[in-house]
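K.L.:
Please arrange chain B on chain A, whose structure you already have, making use of the hints.
As a plain string of letters, each chain reads:
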Amino acid sequence: MIAMALASPSFLTADTFFSQSRYVAFYVLVAMSQAVCLAVGDLNLTVGAIGSIITVALGLAISPEFAGLSPWVAVPIVFALGPLTGWLNGLIITRFKIDAFIVTLSMMFVYMGLRSGISGGNSYRIPEGFWWLGQGNIGGWLPYMALIVIAVLWWISYLYRNTVLGRRLLATGSNSEAARLSGINTKRMIVVAHVLSGGFSALAAIMWASWSGNAAPQTGDDWLIISFAVAIIGGTGLSGSLISPLGILVGAVIFKLIQHALVILKINDNYSNTLLGGLILLAIVVDRAREHFGKDGK
Amino acid sequence: MLELRNITKTFPGVRALDSVSMRFRAGEIHGLIGENGAGKSTAIKVVTGIHQPDTGEIWYDGKRVVLENYRDSLAKGIGIVHQELHVIPDASVAENIMIDKLIANRWGIIDWESVYREARRYMEIVGLEVSPETMASGLSAAQKQQIQIAKALSADVRVLLLDEPTSSLTEHEAKRLFVVLNELRQKGVALIFVSHKLEEVFEICDRVTVLRDGLFVGEREVEGLTQAELISMMIGRTCNDEHLGVLNPDFSEVALEARKIVRAGKAKGASFKLHRGEVLGFYGLVGSGRTELARILIGEDRMDSGEVLVRGERVSIESVEECLYRHRIGYVTENRKEEGLFLENPILSNVALPVWPRIRNAVTRRIDEVLERSTANRYAEAMSVKTPSLDQVVGALSGGNQQKVSIGKWLAADCDILIIDEPTVGVDVGAKEQIHTLIWKLAAEQGKSIIVISSDLPEIVRMANRILVFREQEIVGEVKDIDTEAKSYEQVSEAIGKYLV
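Residue numbers (my numbering), protein chains in the order written: chain A, -18 to 279; chain B, 10 to 510.
Heads up, some of the hints might be wrong.
Taking CB as the label site, the calculated pair distances span [to be verified]: (1) K395(B) x R271(A): 23 to 33 Å; (2) E378(B) x I83(A): 33 to 43 Å; (3) S398(B) x W112(A): 52 to 62 Å; (4) K282(B) x V267(A): 49 to 59 Å; (5) Y334(B) x V266(A): 33 to 43 Å.
Partial list, derived from the structure: chain A residues whose beta carbon lies under 8 Å from chain B [stated by the list, open to error]: (6) S104; (7) R148; (8) A152; (9) N156; (10) E158; (11) S163; (12) I165.
Please keep in mind that the hints were generated in silico from the structure rather than gathered at the bench. Virtual Cβ for every residue (Gly too), placed ideally from N, Cα, C.
Next up, chain A with everything else stripped away, as it sits in the complex (with noise of 0.2 Å):
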């Protein structure tokens, strides 16, 4: 099927490549939104749920046809909301002890509530004043999303490889008891990843509304099942204490050209979840089964 998207003539070329490269950034975010959570041994159901709350606030704050506020000053604001929400998560993960899959779960559907009942299902119009960021190029080819999501990859990696938060949000998810008992504060690693995530789930809200010229409330919905393909399909683990920002973006262009293919073949978008879910699961069945026959290769 891939083989098939990579063959197709309408694929490949530098134009589309570029063009491309868009979605592919779009996917990371999103993904890195989940992949945080997985890494530190948690999940996290509401990386849509945030990502349409924060399009909603965004539309509000500066569409012409409400607040109408600077870009400039509107959107570090409407950002902030992401960390904001992911904090909240944590908190309540951590002070209530609470498992994140119940906690996540609720949240999503108080924020899905929020973005709808405020929004009345209408989009807001984005000012072509800030279509650049999720339009515009350097050099007449680079798209700034994908030299966003770059530098995100690359900070990423630092963070996780060389920095001490990095690898105590790691070692959390690889033994939360252990870690404790280490001298990490296990809650606070908690409270972390859920703060980043809900920064890459604003990040990738904010992006995907420059970019179509409309902040549609409805953003956010299929964001739950991409973030945990092109996550675990990147090699994210699902029992945490892994994260590869190289594997997410391989995850992410494997997962555009599957999208790709599903057009070549005709197949009807509304089939795409199941998809999707069967190729989530095929994946962990890999994974896990990796893990089994190459433990003794160790």
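P.N.:
Frame of chain A; chain B shown alone:
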């Protein structure tokens, strides 16, 4: 009736059972004893189908059998009552007993009359005198224990293993349990009684099998056996009882002091002083409050009242993070695989983890990887961890080497107060020697202040200069000058025995 023949079971790095044979007879209570790490729990797991032996045979009723899993062994009539109380609190006594065979009529509706009648039958056998409809949550530990035995009996077991059945019972409750066990013996059940408490073994068992370091030491009839003989069978190696040497603690310098620490159910007003260069033993049975006290000291558990002083200063430690980075106190847990180590990570990060904040660049926040490696290397070497490389995954190391890594971590963190909980659980004999010497040297040569928690008395006697005796969450006694007066294991054991009676 049930026989193990030449059973061998190995785990990575440890030979848990080495060609062990045992025979259990109907109508007998058979004690299975040994120190921590002797192989008792592995033996239990082999008999109940939880572990498959590497080699060897299990014979049951004159036939060779293979026990696939616990369900299989239960179907064959071999049941177990675990140490922990596995009772569903929100279900009635009858439901707990009959959980896997609730009697239903032909419409699939539970026939409570029959369930209660059936449950009552087993309750009578174990002497549980409550209504079968009582909720399990309101019962005492002993009554819950009776539920578990009744449940095992309801599966028509002919062999019943009891793993430390009295550990959560009071003395009086234990006596009642023994009455039940006696009745089961008369009914012809083969009972296997696993216990740390020798008095109980002498009181109830007909025969004992002793294991040591995964080896079968001997099988004896209890009649005519003395406690001293049994202990020497358990401990065996007399050469190991010798003290490693005279420590030279600075009694004027108190490293760690606890004053009247109280925590409901965990500590009843514990007070002690740990001096610089001292190895202080915490001796007591599992559940006597040693580990519980340690966990309060390191901030893992809260105290209701009391004071802790570190190097003479009153402190309040809220977390292990504070304990480590502010007070330089390290805690080596007794469950190193679950709580101490990151098994899938290399030795490097396992040892260097607490050092990271010290070796990072202030501006770029980058951890200095060269320094990380040399630090880890220094402490891995200091602890004589046997490995080809620091990149070796810790999970693949032997138990002894894993333990050295977990101690090395705290040394790397520059801790000069160490609390080491069961330093040699699951460690083979050679490594055990080495770890003892290493710990002793840390105190004798580097002036570290060390608390060693252990239920292995000879181990403490070898290393410590002083022992505190724990019983029922209290410090009930102290044995001093073990090193200077070169007290033998027998002397110390006798002194401790007085406190434990």
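K.L.:
If a hint holds in the structure, say so; if it doesn't, say that too.
P.N.:
Going through the hints against the structure:
1. K395(B) x R271(A): 23 to 33 Å: holds, 29 Å
2. E378(B) x I83(A): 33 to 43 Å: With a Cβ separation near 39 Å, E378(B) and I83(A) satisfy 33 to 43 Å, so the hint holds.
3. S398(B) x W112(A): 52 to 62 Å: holds, 54 Å
4. K282(B) x V267(A): 49 to 59 Å: holds, 57 Å
5. Y334(B) x V266(A): 33 to 43 Å: Since Y334(B) and V266(A) have Cβ atoms about 42 Å apart, the given range 33 to 43 Å holds.
6. S104: violated, 41 Å
7. R148: holds, 6 Å
8. A152: holds, 6 Å
9. N156: holds, 5 Å
10. E158: Result: holds, 4 Å to nearest chain B Cβ.
11. S163: Holds, because the Cβ-Cβ distance from S163(A) to chain B comes to roughly 6 Å (cut-off 8 Å).
12. I165: holds, 7 Å
Violated hint for the displayed structure: number 6, the only one.
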